[in-house]
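Novice: Construct the entire structure; sequences and hints are all you get.
Residue numbers (my numbering), protein chains in the order written: chain A, 1 to 260; chain B, 1 to 248; chain C, 1 to 245.
The hints are simulated quantities; they were obtained by calculation from the structure and are not laboratory data.
One thing to keep in mind: the hints can contain errors.
[Stated by the list, open to error] Some chain C residues near chain B, calculated using beta-carbon distances under 7 Å:
#, residue
1, Thr69
2, Leu109
3, Leu110
[Said to hold, decoys possible] These stretches of chain B come out as covered by chain C in the derived footprint (C-beta under 8 Å, 3 or more residues):
#, region
4, 77-91
5, 103-111
6, 220-226
7, 234-240
[Said to hold, decoys possible] Calculated pairs, DSSO-like style, for lysine-lysine (alpha carbon to alpha carbon, straight line, at most 30 Å):
#, chain 1, residue 1, chain 2, residue 2
8, A, Lys222, C, Lys162
9, C, Lys239, C, Lys162
10, A, Lys246, C, Lys239
11, C, Lys239, A, Lys160
12, A, Lys222, A, Lys160
13, A, Lys136, A, Lys160
14, A, Lys246, A, Lys222
No residue lacks a Cβ here, since even glycine has one placed at the ideal position from N, Cα and C.
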Amino acid sequence: MTAARGELIAIEGVTKRYLTSSGPVEALHDVSLSVGEGDFCTLIGPSGCGKSTLLGMLGGLVAPDEGRLLVDGQPVTTPDPRRVATVFQDAGLFPWRTALQNVEFGLELQGVPAARRRRTASELLGPLGLSGFAEKYPRELSGGMKQRVAIGRALAIDAKILLMDEPFGALDEQTRVLMGEWLLDIWRRTLKTVIFVTHSLHEALFLSTRVAVMTARPGRIKSMLELSMEYPRSMESPEMAALRAKLWSEIREESLRAMR
Amino acid sequence: MRVLWLRLGLLAALLAVWEVAGRAANPLLAVPPSAVLPALRDLLLLRSYPELPASLWLTLREIGAAYMLAVAAGLGCGFMLGMHRLVGRVWGPMLAALYAVPAVVWYPSLMLFFGLEAASKIAFGFLLGFFPITLAVLAGVRQVNPQLVTVAHAYGAGAVTVFRRVMLPSMLFTLVGGLRTGLALCVIGVIVGEILGSKAGIGTLINHAYGLLRTADYVALVLVTLVLVVGSDVLASLLERRAQRWTE
Amino acid sequence: MQVRVLQLVTVLAALVSWEVVARAGWVDPLFVPAPSAVARALLRIGGTAFAGLGDTLGKTAVAYALSVTLGVSAGVVVGSVRLLRDVMSPYVIALYGIPKILVLPWIVLLLGYGTTPAVVYGALHGLFPIMVLVMGAVRDVDRTLVTVARSFGATTWQLYWKVLLPAIVPSVLAGMRLGIMFCLLGVLVVEMFAGVRGMGYVMGSLANGFQAPELFAATGLVSAASIAIVLALDHLNDKLSHWRG
Ligand SMILES: Nc1ncnc2c1ncn2[C@@H]1O[C@H](COP(=O)(O)OP(=O)(O)O)[C@@H](O)[C@H]1O
Ligand SMILES: [Mg+2]
Numbered sequence: 001m002t003a004a005r006g007e008l009i010a011i012e013g014v015t016k017r018y019l020t021s022s023g024p025v026e027a028l029h030d031v032s033l034s035v036g037e038g039d040f041c042t043l044i045g046p047s048g049c050g051k052s053t054l055l056g057m058l059g060g061l062v063a064p065d066e067g068r069l070l071v072d073g074q075p076v077t078t079p080d081p082r083r084v085a086t087v088f089q090d091a092g093l094f095p096w097r098t099a100l101q102n103v104e105f106g107l108e109l110q111g112v113p114a115a116r117r118r119r120t121a122s123e124l125l126g127p128l129g130l131s132g133f134a135e136k137y138p139r140e141l142s143g144g145m146k147q148r149v150a151i152g153r154a155l156a157i158d159a160k161i162l163l164m165d166e167p168f169g170a171l172d173e174q175t176r177v178l179m180g181e182w183l184l185d186i187w188r189r190t191l192k193t194v195i196f197v198t199h200s201l202h203e204a205l206f207l208s209t210r211v212a213v214m215t216a217r218p219g220r221i222k223s224m225l226e227l228s229m230e231y232p233r234s235m236e237s238p239e240m241a242a243l244r245a246k247l248w249s250e251i252r253e254e255s256l257r258a259m260r
Numbered sequence: 001m002r003v004l005w006l007r008l009g010l011l012a013a014l015l016a017v018w019e020v021a022g023r024a025a026n027p028l029l030a031v032p033p034s035a036v037l038p039a040l041r042d043l044l045l046l047r048s049y050p051e052l053p054a055s056l057w058l059t060l061r062e063i064g065a066a067y068m069l070a071v072a073a074g075l076g077c078g079f080m081l082g083m084h085r086l087v088g089r090v091w092g093p094m095l096a097a098l099y100a101v102p103a104v105v106w107y108p109s110l111m112l113f114f115g116l117e118a119a120s121k122i123a124f125g126f127l128l129g130f131f132p133i134t135l136a137v138l139a140g141v142r143q144v145n146p147q148l149v150t151v152a153h154a155y156g157a158g159a160v161t162v163f164r165r166v167m168l169p170s171m172l173f174t175l176v177g178g179l180r181t182g183l184a185l186c187v188i189g190v191i192v193g194e195i196l197g198s199k200a201g202i203g204t205l206i207n208h209a210y211g212l213l214r215t216a217d218y219v220a221l222v223l224v225t226l227v228l229v230v231g232s233d234v235l236a237s238l239l240e241r242r243a244q245r246w247t248e
Numbered sequence: 001m002q003v004r005v006l007q008l009v010t011v012l013a014a015l016v017s018w019e020v021v022a023r024a025g026w027v028d029p030l031f032v033p034a035p036s037a038v039a040r041a042l043l044r045i046g047g048t049a050f051a052g053l054g055d056t057l058g059k060t061a062v063a064y065a066l067s068v069t070l071g072v073s074a075g076v077v078v079g080s081v082r083l084l085r086d087v088m089s090p091y092v093i094a095l096y097g098i099p100k101i102l103v104l105p106w107i108v109l110l111l112g113y114g115t116t117p118a119v120v121y122g123a124l125h126g127l128f129p130i131m132v133l134v135m136g137a138v139r140d141v142d143r144t145l146v147t148v149a150r151s152f153g154a155t156t157w158q159l160y161w162k163v164l165l166p167a168i169v170p171s172v173l174a175g176m177r178l179g180i181m182f183c184l185l186g187v188l189v190v191e192m193f194a195g196v197r198g199m200g201y202v203m204g205s206l207a208n209g210f211q212a213p214e215l216f217a218a219t220g221l222v223s224a225a226s227i228a229i230v231l232a233l234d235h236l237n238d239k240l241s242h243w244r245g
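Specialist: Encoded structure:
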């Protein structure tokens, strides 16, 4: 396990309500969570429990109604790409940009000179497994490749924190497993702090240092699971099977409540 | 709600600007709304142009004739091009290329051919309405999933049944859209034709008022024509909605 | 390939049968001249016709530049500001739909005969189709892309330049294709209605003078020119929208 070195993200008593045509909906209720530097923290919970909302707040895209969010001790108010980078569920690649140009996007916004950002992006393509695909447009890439470009785009700006909202949700099972292994490798090399949303128990147990289970809406942190096993983890060990059963029973309970 | 008020406010503001500017400007060039209203009253009471009903009736008949021809020819050509693959592939692009030619190009020839009477307006309205209808039928036929047709045939459906139960429902939306556009263009075609040269019809009245610098009458006539234009489109959109309900 | 050949055959067959019909005297040559007569007429009026075409295309170019500039910028502004869009779009769509010819007499009254009314009316004609298309395209830009750009710290300026504008390029091109047809149409209408020069005026005079062969030649010339322009725009479109696949 990568040892956590002090608190990086503090979420303090955050509540969020949305005004909809059928009245206010409370998406999150009094959520508090602290994430240490270098953590791989996974959020898991039923659909609609506010996971994306929470990530949106950390990314500065959504403002909380109550409570506050601190990164490095400073409150989050607007998107700050120097500290936080986000990967969205449906890759969100710009279809008129090549893979390489998509990876460059954040640097371009920051005004990094063309030659330098091109070099940075090109160097990333290797580890992304996209070496031969620099000049391809998104429509020419497979789902897994698109998602890796989106991750590359987030890595390129070299923010300490990586927010990932169901990044592999749209991929088939086999690709997902491989992408998980690949992401683990990237994370261990770059030492990012990751907040990761997934519905997959496998991904949560395979990747995370901590797993936060959320309740059905309004979302709260129901329980916290600390995982201290070495990487790469064997998913067949009895210890893992026990953890999996425990996690599943908690999620099952909330998912059932969400369905009602 | 707020949007609605803002829309009305914008309209009111435009009318106010028009009123102020119209009063300041040369009365031959611009008339304020307050001067249009009496002109409109005189027009509707048949004081200024007693021939208004006859003119409108002529224009309507021209539109009707043009539209009927356009629908008949458009459906015929569209289905012919759509049903025969080769014919469609050869003539479809040629038709689309002709559609890229601004239609007024043909109008002088039509005037030469049909004279200044109703026939040239009908021909021009027809020409404008024909293309969108044909192209809509063509697009509609191509939308039909050939597998559905195959399945229907496999279940023993005859050509008529396949057409009614499979093809028509899947292409109806596009088809009706084309019929609506076609009507709008027929209306425009007839009006353009009348204004570019005619002896009778609403366009003639407009030209007359403009030629004599009776600007208030001109604006009033334009408003009456707009009612005709909008009315025909409302009618078409009602039919469109009916057709949509029918497919569901 | 086969299609091309058949298209050529169609055109040739049409020309030949037309020639035969005209020569056999089944139609009045005063109204329907034979293609060969039209070709000869083209040689006869070549100078006048090309001068008229040049004049028309010049006015169209100015009108087109105006309507593309105004249409795209107004479409982007109105399309991207929610309130503006909600308030304005019914008006814009209505203005797109009504026959512009109704204001033509007034424009001529205001601006007189000649080049200016043609340019103004042509621009007016081209403006609305472009604006309607661009407005719709801006409204339909994938929200995810905007969110992504914001999360990477895009300024408002960058949102427009790096997301909105590239995203609407295909619609702008489609609007430009429609727009050129509308502009040319508008210019020709004014030339026919109140022209002193230009192809519309030439064709109108030929029609009034019952010079059918010359009129057909002039009509063919304008048609060919507009088809060529649209095909060129299509080519440009293919080049600029390659990422759409
Ligand atoms: N912009 C919004 N407007 C209104 N309701 C929203 C909005 N965004 C999210 N919600 C609602 O808030 C709840 C939480 O949404 P979300 O954060 O997307 O959940 P999750 O990502 O866990 O599935 C859902 O019920 C959703 O419908
Ligand atoms: Mg979500």
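Novice: Compare the structure with each hint and give your call.
Specialist: Against the structure, the hints:
1. At about 21 Å, the closest approach between the beta carbon of threonine 69 of chain C and any beta carbon in chain B exceeds 7 Å, and the interface hint on this residue is violated.
2. Because the beta carbon of leucine 109 of chain C sits about 6 Å from the nearest beta carbon in chain B, less than 7 Å, this interface hint is met.
3. For leucine 110 of chain C, the shortest C-beta to C-beta distance to chain B is roughly 6 Å, which falls under 7 Å, so the interface hint holds.
4. Counting residues of the region 77-91 of chain B whose beta carbon lies closer than 8 Å to any beta carbon of chain C gives 4, which reaches the threshold of three, so the coverage claim holds.
5. Only residues whose C-beta sits within less than 8 Å of a C-beta in chain C count toward coverage, and the region 103-111 of chain B has 8 of them, enough to reach three; the restraint holds.
6. For the region 220-226 of chain B, the assignment as covered by chain C holds, since 3 residues bring a beta-carbon within under 8 Å of that chain's beta-carbons and 3 suffice.
7. For the region 234-240 of chain B, the stated coverage by chain C is not satisfied: 0 residues place a CB nearer than 8 Å to a CB of that chain, which falls below the threshold of 3.
8. The suggested pairing of lysine 222 of chain A with lysine 162 of chain C is violated, with an alpha-carbon distance near 41 Å, which exceeds 30 Å.
9. Using a Cα cut-off of 30 Å, the hinted pair lysine 239 of chain C and lysine 162 of chain C holds, with the two alpha carbons roughly 19 Å apart.
10. With a CA separation close to 57 Å, the supplied pair lysine 246 of chain A and lysine 239 of chain C exceeds the 30 Å bound.
11. With a CA separation close to 40 Å, the supplied pair lysine 239 of chain C and lysine 160 of chain A exceeds the 30 Å bound.
12. Restraint check for lysine 222 of chain A and lysine 160 of chain A: satisfied, since their Cα atoms lie roughly 27 Å apart, inside the 30 Å limit.
13. Annotation: proposed proximity of lysine 136 of chain A to lysine 160 of chain A holds, straight-line Cα distance about 28 Å (limit 30 Å).
14. At roughly 13 Å between alpha-carbon atoms, lysine 246 of chain A and lysine 222 of chain A fall within 30 Å of each other, so this suggested pair holds.
Going through the hint list in order, the structure does not satisfy hints 1, 7, 8, 10 and 11.
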